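Residue numbers (the numbering used here), protein chains in the order written: chain A, 3 to 170; chain B, 52 to 555.
No wet-lab data here; the hints were simulated from the structure. None of the values given here were measured: they were computed from a predicted structure. Backbone N, C-alpha and C define an ideal beta-carbon position, used for all residues, glycine too. Please note that a few of the clues may not be correct.
Said to hold, decoys possible - Partner residues are not named here, just some residues of chain B that face chain A (Cβ under 7 Å, in silico):
#, residue
1, GLN109
2, LEU400
3, ARG405
4, LEU518
5, ALA520
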Amino acid sequence: MKYIVDLAGRRLTVEIDGSDVVVDGVRMPASLETVEGTPVRLLRLGDAVHRVVARRDGARGQYAVDVDGWPFAAEALDERTRAIRDVAAASESASGPAPLKAPMPGLVVRVLAEVGAEVTAGQALVVVEAMKMENELRAAGPARVTAVHAVAGTAVEKGAVLVELAAL
Amino acid sequence: MFHKVLVANRGEIALRVIRACQELGVKAVAVYSEADARAPHVREADEAVCIGPPPSNQSYLLGDRLIEVARRTGAEAIHPGYGFLSERAWFARAVREAGLVFVGPPAEAIEAMGSKTDARQLAIAAGVPVVPGTTEALRDADEAMAIAESFGYPVLLKAAAGGGGKGMRVVREPHELAAALGAAQREAKNAFGDDAVYVEKYLDGPRHVEVQVLADMHGTVLHLGERECSLQRRHQKMVEEAPSPAVSPALRARMGETAVAAARAAGYVNAGTCEFLLDRDGSFYFLEMNTRIQVEHPVTELVMGLDLVQWQLRIAAGERLPFEQKSFVPRGWAIECRITSEDPANGFLPSTGRITHLHLPSGPGVRWDGGIEDGSEIGLHYDPMLAKLIVHAPSRPLAIARMQRALRELVVEGVETSRSFHLRLLEHPDVQAGDISIQWLEAHLAELTSAQPDDDTIRRAAVVAALAAQHDRGQLAAPVHSAGAESGVREGWRWQARRESLGQ
Numbered sequence: 003m004k005y006i007v008d009l010a011g012r013r014l015t016v017e018i019d020g021s022d023v024v025v026d027g028v029r030m031p032a033s034l035e036t037v038e039g040t041p042v043r044l045l046r047l048g049d050a051v052h053r054v055v056a057r058r059d060g061a062r063g064q065y066a067v068d069v070d071g072w073p074f075a076a077e078a079l080d081e082r083t084r085a086i087r088d089v090a091a092a093s094e095s096a097s098g099p100a101p102l103k104a105p106m107p108g109l110v111v112r113v114l115a116e117v118g119a120e121v122t123a124g125q126a127l128v129v130v131e132a133m134k135m136e137n138e139l140r141a142a143g144p145a146r147v148t149a150v151h152a153v154a155g156t157a158v159e160k161g162a163v164l165v166e167l168a169a170l
Numbered sequence: 052m053f054h055k056v057l058v059a060n061r062g063e064i065a066l067r068v069i070r071a072c073q074e075l076g077v078k079a080v081a082v083y084s085e086a087d088a089r090a091p092h093v094r095e096a097d098e099a100v101c102i103g104p105p106p107s108n109q110s111y112l113l114g115d116r117l118i119e120v121a122r123r124t125g126a127e128a129i130h131p132g133y134g135f136l137s138e139r140a141w142f143a144r145a146v147r148e149a150g151l152v153f154v155g156p157p158a159e160a161i162e163a164m165g166s167k168t169d170a171r172q173l174a175i176a177a178g179v180p181v182v183p184g185t186t187e188a189l190r191d192a193d194e195a196m197a198i199a200e201s202f203g204y205p206v207l208l209k210a211a212a213g214g215g216g217k218g219m220r221v222v223r224e225p226h227e228l229a230a231a232l233g234a235a236q237r238e239a240k241n242a243f244g245d246d247a248v249y250v251e252k253y254l255d256g257p258r259h260v261e262v263q264v265l266a267d268m269h270g271t272v273l274h275l276g277e278r279e280c281s282l283q284r285r286h287q288k289m290v291e292e293a294p295s296p297a298v299s300p301a302l303r304a305r306m307g308e309t310a311v312a313a314a315r316a317a318g319y320v321n322a323g324t325c326e327f328l329l330d331r332d333g334s335f336y337f338l339e340m341n342t343r344i345q346v347e348h349p350v351t352e353l354v355m356g357l358d359l360v361q362w363q364l365r366i367a368a369g370e371r372l373p374f375e376q377k378s379f380v381p382r383g384w385a386i387e388c389r390i391t392s393e394d395p396a397n398g399f400l401p402s403t404g405r406i407t408h409l410h411l412p413s414g415p416g417v418r419w420d421g422g423i424e425d426g427s428e429i430g431l432h433y434d435p436m437l438a439k440l441i442v443h444a445p446s447r448p449l450a451i452a453r454m455q456r457a458l459r460e461l462v463v464e465g466v467e468t469s470r471s472f473h474l475r476l477l478e479h480p481d482v483q484a485g486d487i488s489i490q491w492l493e494a495h496l497a498e499l500t501s502a503q504p505d506d507d508t509i510r511r512a513a514v515v516a517a518l519a520a521q522h523d524r525g526q527l528a529a530p531v532h533s534a535g536a537e538s539g540v541r542e543g544w545r546w547q548a549r550r551e552s553l554g555q
């Protein structure tokens, strides 16, 4: 079985062939053993061993992986599923940028976004206070603000839509 | 020694104080908000009393209730920990007036060091160096010029009402001063409606170095060397170490004597910390005194070989310090990383949730001062610091290697933490060389958070994800197969079976 793995901004193909894996043309024996009741696993690559963490995180094929102190958000899908998701993602991105949502419950301290304004990647749109710290929530990419739902001084729940955006 | 002490705090510091009490044979009374009913500090205490709902202004900040609980449980003293009421003079006074002992300095010493301006006046009177500058608004460029000449360039123009860098100008040459003053005054006027600007000496890349002080009720005031705390993000310390790579034994003695002089001037008793800015040329300037035990106290404990929290209790009970100043020579090197529930990959936003798996590092020279365990709920009511990971080793390079090893062993699942950021930080050549300042971390934040692993690590992670996906696919195809993983799939099947057996 061939898996297409997206992680760290890259796309790798991992072929699982019996007890071997083939990555970047290199074949070696590999296995992943679970430690019962924990997200900790033992990765064996030939004789090399690595204590890693792998946990389902979101949709099928998505894993939070930690290897040697590096965290990864990885998506591992078979070729067919990967192709279907790519098509779906392409049509989704054509429908415009995702709205800015509250990543945690908190209090809206300031609203910096204005309807109609053009914003650039990394520009702060809303400031939310949580754990006594002010957190600037920023635009992921260039966009136009189409609606502002955040109101200064009000509490918001995790996932609440704060600002709606459209492609420029 | 006391028979019973009330611990007026939560989280790791409450647990730290309870441990000190137990080792001294003192009974500990924990207090907790409704959100902390199942917290470790409640379980480890001898008695525990609920003091209110989760918000701290309805629980941990209610001084009168804490005093009432102390009286009711028969505690003779209250240890405030850090944060919350630890530096409130009114609380220290109320505890004393209730006939109880406040484990900390007298209310008068807290007041004397209470504001930065009061502390600055007191320091100047005691001959303690402070950052040279004016505390009154400059009239004009001529006055600014004369004052700047008195302590030399570069100088910093600063709006009196300032904040956020507005109305601030660094001036490196005398001929730039007049124009910069005009600009700073206009900016201050626009931003704060007040064009008052003052001038002080500008320190280029100073370090934050602080000196631990310990004073008893009988006139002995000792210093326990310094801690290097320059690695800060938004004025929050992330990594601390003792000693400082920039402090020689001679400088340590000079800074220590200065800290002792400041503490004496304030009539200080118990553990406290004098904060200094240390300039590149070895000049140091007093900033303020923290009149409590500090988060980073363990690094001093490890290199000086004593228990500061136990000594806080002993001093409060009237014991004499049996040490001589010359016995305090740092042994080896200690480093602390503050493990917080903040997501470094996402602008350090706070992360909440339940700790689903916790694996703690151990082995030689590793200490974990934590307030979390498997199942702990991390909410938004309190500080995001989950724990402190502290190591001790014979030298700085060995301490860094030990901390890297310990951070790699640590697994915290359920919330995002600062762990990987600490690893990146300790890999940086500047940090390894000890070449840091209070601006270093902010200046290197983007570099650190965007660091990428090498190709081998990425390939390994890809293999892990592919093998996990293959495994979970097998689980889907054969759900009754029970060997192996915790997976959402199996949970789902169990749940389904339970529903069916209930006939729903």
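Results of checking the hints against the structure:
1. Because the smallest distance between the Cβ of GLN109(B) and any Cβ of chain A comes to about 16 Å, over 7 Å, the interface hint for this residue is violated.
2. Interface restraint check: LEU400(B) against chain A, minimum CB-CB distance 5 Å, threshold 7 Å, status holds.
3. Nearest Cβ of chain A to the Cβ of ARG405(B): about 13 Å, over the 7 Å cut. The hint is violated.
4. Checking LEU518(B) against chain A by beta carbon gives a least distance of about 4 Å; that is within 7 Å, so the hint holds.
5. Taken as an interface hint, ALA520(B) checks out: its beta carbon lies about 4 Å from the nearest beta carbon of chain A, inside 7 Å.
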